[in-house]
Every structure is written in C-alpha cells, then in structure tokens.
Amino acid sequence: NAGVTQTPKFRVLKTGQSMTLLCAQDMNHEYMYWYRQDPGMGLRLIHYSVGEGTTAKGEVPDGYNVSRLKKQNFLLGLESAAPSQTSVYFCASSAGQGYDYGYTFGSGTRLTVV
Amino acid sequence: GEDVEQSLFLSVREGDSSVINCTYTDSSSTYLYWYKQEPGAGLQLLTYIFSNMDMKQDQRLTVLLNKKDKHLSLRIADTQTGDSAIYFCAESKPGGYQKVTFGTGTKLQVIP
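Protein sequence lines, in the order shown, are assigned to chains A and B.
Residues in the first sequence are numbered from 307 upward in steps of one, following my numbering.
Residues in the second sequence are numbered from 889 upward in steps of one, following my numbering.
For reference, chain A alone in the conformation it holds in the complex (with noise of 0.2 Å):
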C-alpha cells in the first residue's frame, strides 16, 4: 500500500536553480494538490488538478508550474528557486468532491534554497 510517494525527501537548492518534485499516486484518485507547509502558517495550497491533464491555481501559485500528463503523476516545478521557496512541500489526493474520505498525503519534500 504505497499510497502517496514523493520524491525527493529532502533538496538545498541554490537561489536560481531550478527543480521538479514528483508526487505518485495509486489510489486512481482524479483530484491531486500541492501545499506548502510553513511554520505558523498551516497548509497553503500552491496548485491543484482535478483530472489527468487539468490543473489549476491555488492560494499561493506564483514561482511554480505544475503538471499532469498522466493520472497518477503530478509534478510541481520551481523554475528559479528563491530563499522564501524554503519550506516543506506536501502532495495529496483525493478520491473527489464530497466525498468523506478525506486526504491522502505524501511524507513529504522538505526543500531549503540558500
């Protein structure tokens, strides 16, 4: 029961650099999310997709892209990483709206950018 898996645990990152987080999926759940977490902050959510090939922004989108060529995968990217990009990265899914189950989150990606 693999769940969620994102790769990798942990990056540092040099300001400008850029890098892709994978997060993998094997629930087939349609609905896939990227958050940041921050201390003091909770959860905010970067992007989303509700569907293989759909995304969509979310509170905080700007210095990322993401994408979802297939249902299972869904990659965040940081084109040119900046120190306020340190933080620990969280994948999840869902199985869909209104549904009780809730979400299933990855381990998570704890990226630092110096």
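Honestly, the hints are just simulated from the structure, not real lab data.
Please read all numbers here as calculations on a predicted model, not as lab measurements.
Hints should not be assumed to be uniformly reliable.
In the EDC-like style, the derived pairs of lysine to aspartate or glutamate whose C-alpha atoms are separated by at most 20 Å in a straight line are [said to hold, decoys possible]:
id: 1; chain 1: B; residue 1: 956; chain 2: B; residue 2: 893
id: 2; chain 1: A; residue 1: 315; chain 2: A; residue 2: 332
id: 3; chain 1: B; residue 1: 987; chain 2: B; residue 2: 891
id: 4; chain 1: B; residue 1: 987; chain 2: A; residue 2: 336
id: 5; chain 1: B; residue 1: 981; chain 2: B; residue 2: 891
id: 6; chain 1: B; residue 1: 995; chain 2: B; residue 2: 914
id: 7; chain 1: A; residue 1: 376; chain 2: A; residue 2: 344
id: 8; chain 1: B; residue 1: 981; chain 2: A; residue 2: 336
id: 9; chain 1: A; residue 1: 315; chain 2: B; residue 2: 926
id: 10; chain 1: B; residue 1: 995; chain 2: A; residue 2: 336
id: 11; chain 1: B; residue 1: 924; chain 2: A; residue 2: 344
id: 12; chain 1: B; residue 1: 981; chain 2: A; residue 2: 365
id: 13; chain 1: B; residue 1: 987; chain 2: A; residue 2: 385
id: 14; chain 1: B; residue 1: 981; chain 2: B; residue 2: 957
id: 15; chain 1: B; residue 1: 958; chain 2: B; residue 2: 891
id: 16; chain 1: B; residue 1: 981; chain 2: B; residue 2: 902
id: 17; chain 1: B; residue 1: 956; chain 2: B; residue 2: 942
id: 18; chain 1: B; residue 1: 924; chain 2: B; residue 2: 957
id: 19; chain 1: B; residue 1: 987; chain 2: A; residue 2: 365
id: 20; chain 1: A; residue 1: 363; chain 2: B; residue 2: 957
Computed footprint of chain A on chain B, listed as stretches where at least three residues anywhere in the stretch have a Cβ under 8 Å from a Cβ of chain A [stated by the list, open to error]:
id: 21; stretch: 930-937
id: 22; stretch: 956-966
Every residue gets a Cβ at the ideal spot worked out from N, C-alpha and C, and that includes glycine.
Use these hints to put chain B onto chain A, whose structure you have.
For chain B alone, coordinates are given in the frame of chain A:
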C-alpha cells in the same frame, strides 16, 4: 472569510483527556476533519464529521461540532505519549473541487 483557527500548543499529562479546539468562519462547510501529523511525516486523516452532525465518537476520539458557533473540538481520552503530534482542523466546502482549508495546527505535547 475562509479562516480556520486553532491554538498553537497544548500540553497534557499522560492518561488525562486532551481537548483541541478549532473555529471556522464559513457556514457553507460540508465536512470538517481532524488530521494528525507526526514528526517528519505527512498528515494522516484521523476522523471527520459531516456538518449536519453534532457529535461523532471513534474509540478514544470524540468530535463535537457546534455549528451555530462554528466551533469544532477533538477530545482524546486517556492521552498517550504516542498521541504527541500536530493536529490540524480542516473544513471542506462544495465547489468545483473539494476545496479544503486547513488550520494552522495545534501541537500536542503529552508529558509522561
């Protein structure tokens, strides 16, 4: 507004009951959730309550919902050291997708 507010910290002694509180502002919320985050891990769904319910009990967990006051609480009976974690309240609303807003989390410290 879409704020979900929680106190940041709670400390209890092992064996006592813990009560974690949450307030939300959006009366259109459909489901309300409690998630648990252990150190270095993602959030794990603990329990949920539908907005037309007042209470839900699941083993040591009791969820109380006061819809009039927009107040949600999670009571953990006989709190154990393994319950030490951050607890997030969350609400979902109807819309184009299952929009969920999370609170800032309450760190529960259980003292042996």
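Each hint, compared with the structure:
1. B/956 to B/893: The hint holds at about 16 Å.
2. A/315 to A/332: 18 Å, holds
3. B/987 to B/891: Cα-Cα ~13 Å, so holds.
4. B/987 to A/336: 14 Å, holds
5. B/981 to B/891: 13 Å, holds
6. B/995 to B/914: 24 Å, violated
7. A/376 to A/344: Cα-Cα ~29 Å, so violated.
8. B/981 to A/336: Measuring from Cα to Cα gives roughly 17 Å; hence the hint holds.
9. A/315 to B/926: 16 Å, holds
10. B/995 to A/336: Not satisfied, since the Cα-Cα distance of roughly 31 Å exceeds 20 Å.
11. B/924 to A/344: 16 Å, holds
12. B/981 to A/365: 15 Å, holds
13. B/987 to A/385: Not OK: residue 987 of chain B and residue 385 of chain A at ~26 Å, beyond 20 Å, violated.
14. B/981 to B/957: Roughly 17 Å between the alpha carbons, so the hint for residue 981 of chain B and residue 957 of chain B holds.
15. B/958 to B/891: Holds. Residue 958 of chain B to residue 891 of chain B sits at ~11 Å (cutoff 20 Å).
16. B/981 to B/902: Given pair residue 981 of chain B, residue 902 of chain B is violated - Cα atoms ~36 Å apart, limit 20 Å.
17. B/956 to B/942: OK: residue 956 of chain B and residue 942 of chain B at ~11 Å, within 20 Å.
18. B/924 to B/957: 24 Å, violated
19. B/987 to A/365: Holds - the C-alpha atoms of residue 365 of chain A and residue 987 of chain B are around 11 Å apart, at most 20 Å.
20. A/363 to B/957: 31 Å, violated
21. 930-937: holds (count 5)
22. 956-966: With 0 residues in contact (Cβ-Cβ under 8 Å with chain A), the coverage given for the stretch 956-966 of chain B is violated.
When held up to the earlier numbered hints, the structure conflicts with 6, 7, 10, 13, 16, 18, 20, 22 and fits the remainder.
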